[in-house]
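> Sequence:
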Amino acid sequence: MAVFLAAVVAFLGGRAWKGYTPEGGDGGSLLHSLKGSPLVWVLSFLLVVGGVAASVVVFVSGPPGQQALVSGVLVGVGALLLAGYVGYGTFTSTRAHGHTNAVAAMLSAWALGTLFLFAITASLLLA
5 MAVFLAAVVA
15 FLGGRAWKGY
25 TPEGGDGGSL
35 LHSLKGSPLV
45 WVLSFLLVVG
55 GVAASVVVFV
65 SGPPGQQALV
75 SGVLVGVGAL
85 LLAGYVGYGT
95 FTSTRAHGHT
105 NAVAAMLSAW
115 ALGTLFLFAI
125 TASLLLA
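To get the numbering used here, take the position in the sequence shown, counting from 1, and add 4.
The hints are simulated quantities; they were obtained by calculation from the structure and are not laboratory data.
Just so you know, not all the hints are guaranteed correct.
Label pairs and their in silico Cβ distance ranges [unchecked claim]:
1) Val-61 to Met-110: 39 to 45 Å
2) Ser-65 to Trp-114: 40 to 46 Å
3) Lys-39 to Val-62: 30 to 36 Å
Computed from a predicted structure; not experimentally measured.
A virtual CB, placed ideally from N, CA and C, is assigned to each residue, including glycine.
Sequences and hints are given; from them, build the entire structure.
Rendered as structure tokens:
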């Protein structure tokens, strides 16, 4: 928890708050241009697919100790991808429908909370 807190403080402390404008400023940042590039999206998708494929090969052909580790990694990566897809998708969809950032963040948190409750329920029922 302390590492997470330190990461959040470092991330927020490193931002240029004096240059912030609610309208979005000039929009010429590197991150903004990378986010809109289809090449970046395709390469990142291929990287994720390659990583999952390599993990599956190691899972199938590796020794039992390695299989347990790789299965945990595969479940963790899958859970992170699902949470990111649901959270970001809900936020973006809500913003596209004309709602404010606060409403979009609330709905995104609600969707992620629902996923968390489903995970707890499945853990309790299947354990």
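> Confirm or reject each hint.
Hint by hint, here is what the structure shows:
1. Val-61 to Met-110: 39 to 45 Å: 42 Å, holds
2. Ser-65 to Trp-114: 40 to 46 Å: Holds: the Cβ-Cβ distance is about 42 Å, inside 40 to 46 Å.
3. Lys-39 to Val-62: 30 to 36 Å: 31 Å, holds
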